[in-house]
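Colleague: For this one, chain A is given, so just place chain B on it according to the hints.
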Amino acid sequence: MDLIYTAFFWIISFLLIVFALGAVFAPRIVYSLVSMVFAFLSVAGIFVLLNADFVAVSQVIIYAVGITIILLFAIMLTGKNVDKKLWIAFAPRTLVSFGIAFMFFLSVVYCSLENIIKPVFNIQPISEEAAVTLIFSGTTEILGRAFLTKYVLPFEILSILLLSVILGSAVIAKKNDKNLVNPTTKENR
Amino acid sequence: MLLEVIKSIIFDIGLGHYLILAAILFCIGIIGLISSRNIIKILISIEILLNAVNINFIAFANYGDLYFLQGQVFALFVMAIAAAEVALGLAIFISMYRNKQSVDVEDYTTLKG
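In order, the protein sequence lines correspond to chains A and B.
Counting from 9, one number per residue, gives the positions in the first sequence under the working numbering.
Counting from 1311, one number per residue, gives the positions in the second sequence under the working numbering.
One chain only, chain A, in its complex shape (with noise of 0.2 Å):
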């Protein structure tokens, strides 16, 4: 049980920092899309491995469904041969935006040793009786109960948000021919 666990968490960690170097370094943006798709499966399968099945057949359904075909259309919209020339940005960004990645990684890996971790946050062993409670219903009670009861005001806020946001993009995304200037050619189209 507990080696099938570990070789599980090795197997889709490696695939999951693979892939998620894949989407940010691969050549052209499709391959990128592709690359990132697995590293959304991968990231589905790390929930499994904590316990979180609900959130994780959510990852699969927003994310790597939706997300994806959203991406997807973009991509279609605006398709044209100049992939390979905007690659990475050879400019002193990246330097900074590696030496930004690499202190922050330090950072991390100290505060993650667990004598500095286990005092500020109270890092207990799984109890019997909640594992049986998740062994025999799961995690979509617990979530159900808690987005109804404590959280129902956010719960509501959110759905209020996702209306405005899906009309807002509907309003943006629109062509609109009276305001739009060609800024090369200066005339309307």
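Calculated directly from the structure, the hints in this document are not laboratory data.
Nothing here was measured: the structure is a model prediction, and the numbers come from that model.
No residue lacks a Cβ here, since even glycine has one placed at the ideal position from N, Cα and C.
Possibly wrong hints are sitting among the right ones.
Residues from chain A shown here face chain B by an in silico Cβ test under 10 Å; the list is partial [stated by the list, open to error]:
1. ILE19
2. PHE48
3. LEU85
4. LEU121
Modeller: Frame of chain A; chain B shown alone:
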């Protein structure tokens, strides 16, 4: 002594492993966010950053409170807001593309940034 430490790092998967995995993912996202020129790749990097944060939330929910699972609730909120953010960002990007005919962020200089 050293062999035992390495053995415990490999075989005892704990909270620290997930935190370091999320940190690696976050670093990849930061590198992509700052150093890429294609605007769609910047959006992809933002999604990778949000996923790294979600891994942290769920790791703490698993090792911290398994009764209330507040980390998982928050991760679901983060997912919904990420979907909204992608939809709105792509709408802005498409209307921008109609004006500039380019996906290069270094061409988007209308705001003189």
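Colleague: Run the structure past the numbered hints and jot down the numbers of the failing ones, going up.
Modeller: 1
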